[in-house]
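Peer 1: Dock chain B against chain A, hints included.
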Amino acid sequence: MSKIVIIGAGISGHTAAAHLRRKLSKEHEVLVVSPNRNYQWVPSNIWVGIGRMKSKELIFPLEPLYKRKGIGYKQAKVVSFHPEGNTIESKPFVAVEYVFGKNQGKTENITYDYLINATGPKLAFDMTEGLNPGTNKAYSVCTYDHAEHAWQGLKDLINQLKNSDKKAKVLIGTGHAKATCQGAAFEYILNVEKELVRHGVRNQVEVTWISNENDLGDFGMDGMLMDYNGFNMKSKDMIEMIFEDRDIKWILGAGVYKIEDGVAHYENLEGEYKTEEYDFAMLIPAFSGHGFKAFDKNDTDITEKLFKGFMIVDADYTPRPYEEWTVQDWPETYQNPSYKNIFAPGIAFAPPHSISKPRKSKNGTDIFPSPPRTGMPSGITAKLVADNIIDSIKSGKESLHHKGSMGNMGAACIASAGFGMTKGSGVSITTYPIVPDYIKYPETGGRDIGKTFGDIGLAGHWVKLSLHYAFIYKAKMKPFWWLIPE
Amino acid sequence: MTQRISKSQHSKMQNIFIQFFKFFYLNIRILKIVAGGHGSTRG
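Line order of the protein sequences matches chains A and B. Heads up: the first sequence begins at 109 in the numbering used here, then just goes up one per residue. Heads up: the second sequence begins at 2 in the numbering used here, then just goes up one per residue.
For reference, chain A alone in the conformation it holds in the complex (with noise of 0.2 Å):
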């Protein structure tokens, strides 16, 4: 009998949990340990975040579902981790406390056989100075708590401006120097822009993009050559159509590293300590680990082993100059190597290096988004450590025969550009492979340009929220949910 403990219920750590389950008897147990007490569809977030759906509509409580299908939960929030037991527990252990229940407060050693850490990141707001969901006028939509607040704050500004011939000021984008997730902010300008028109007030506000991004439609992901419409297009050019279409404003290369009320301090990449003012605000926050502790069976601190911000796996952390990078560096089963039976797939993993090229301000501030690590590669990498655990229990031996680099993997981005069933727009963007293969498509910027295509319509709006209902179907784990990929 095995026991596997998994850390973290969002994308990454449910699909993990599901597969598992499915797949092994029930003699092996599947445990979530989550400080969450439900599972939220993020994608679907901005729609939230513009009062265009409910957040009851994305989420659902996680033990109801976790009883049914017999696997164990706890909401709890992981502690530390203690990959070799101590001198009173000789199995690994990671300690927890319960933050929720007639136990809260109290912790306990959970221990495994395997572990995977699917914790994400931590929503790291106090990167930047007075950046704080809901205060300065400034909001985020990260969360569906957070979403709602977005629009409530977005809500009085459009009554605002319906009462009076005031002008406006929306600023949409990234809130530091190395956030990522820039596709998120994409969504929701767009969405917000169109919500503007909607409601009629469109002409008395100016809509502006901020973002750490050298150029436009970079993702951090170096940005994009795609097929659009028969054409290579470069991403850049589409997200610029897109903006100047739509009177959309940009501000590039941009650091922000404070926020007061109603203006946001920034650094360009000239080393320019500029502000932009604005009624209300949308700025992803970076994105950082844990701060888990590690140590090891004589409690000797041995952080350092598991942990780089996020968790050491397979990848190639040597440091090596932009022009040296290649899609090899990039981890595959994602396991810890000093610790076999330890997996972090999804966001909580630690990159070996930003996927966009790496840029200095004048001052020396690093000003370039991080790599993005989206709902999709999530799923895909939590499956592929789920069957290389199940692989291994069944075989008795370690196997790790299912791999999945971030190299040789599609990703599709179907961004809203605007919500409803007839007026609604889509941007769908796929890329394959996510991390840039400049050596195996040297002449098409590093992806198969037969796979990397670009699409606006109405279409894509559609598809967007037939993902929503599939995968939340999916998530329920209601009958054939494994026939959906991830």
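Hints listed in this document are in silico derivations from the structure and should not be mistaken for laboratory results. In this text, all values refer to a predicted model and were calculated from it rather than measured experimentally. Ideal Cβ positions, reconstructed from N, Cα and C, are used throughout, including at glycine. It is possible that part of the hints are untrue.
[Stated by the list, open to error] Okay, the calculated beta carbon distance ranges per label pair:
id, chain 1, residue 1, chain 2, residue 2, range
1, B, Q15, A, T473, 36 to 44 Å
2, B, R43, A, D556, 13 to 21 Å
3, B, Q10, A, Y425, 45 to 53 Å
[What the hints assert, rightly or not] Capping the alpha-carbon separation at 30 Å, the derived lysine-lysine pairs in DSBU-like fashion look like this:
id, chain 1, residue 1, chain 2, residue 2
4, B, K8, A, K275
5, A, K263, A, K274
6, B, K33, A, K531
7, B, K13, A, K357
8, A, K559, B, K13
9, A, K470, A, K416
10, A, K465, A, K416
11, A, K584, A, K175
12, B, K33, A, K344
13, A, K342, B, K8
Peer 2: Relative to chain A, chain B alone:
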């Protein structure tokens, strides 16, 4: 404001009939890419 997408293109982008077929086309194309497999780069 600069009109970068022509009115006829906008009409096509919002035409329910055209977009209905494009919906299936997009789904199939995306599925082929995403479910088409993934693997190693070191082999």
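Peer 1: Each hint: holds or not?
Peer 2: Hint check results:
no.: 1; hint: B/Q15 x A/T473: 36 to 44 Å; verdict: holds (43 Å)
no.: 2; hint: B/R43 x A/D556: 13 to 21 Å; verdict: holds (18 Å)
no.: 3; hint: B/Q10 x A/Y425: 45 to 53 Å; verdict: holds (46 Å)
no.: 4; hint: B/K8 x A/K275; verdict: holds (28 Å)
no.: 5; hint: A/K263 x A/K274; verdict: holds (15 Å)
no.: 6; hint: B/K33 x A/K531; verdict: holds (28 Å)
no.: 7; hint: B/K13 x A/K357; verdict: holds (25 Å)
no.: 8; hint: A/K559 x B/K13; verdict: holds (23 Å)
no.: 9; hint: A/K470 x A/K416; verdict: holds (27 Å)
no.: 10; hint: A/K465 x A/K416; verdict: holds (21 Å)
no.: 11; hint: A/K584 x A/K175; verdict: holds (12 Å)
no.: 12; hint: B/K33 x A/K344; verdict: holds (25 Å)
no.: 13; hint: A/K342 x B/K8; verdict: holds (22 Å)
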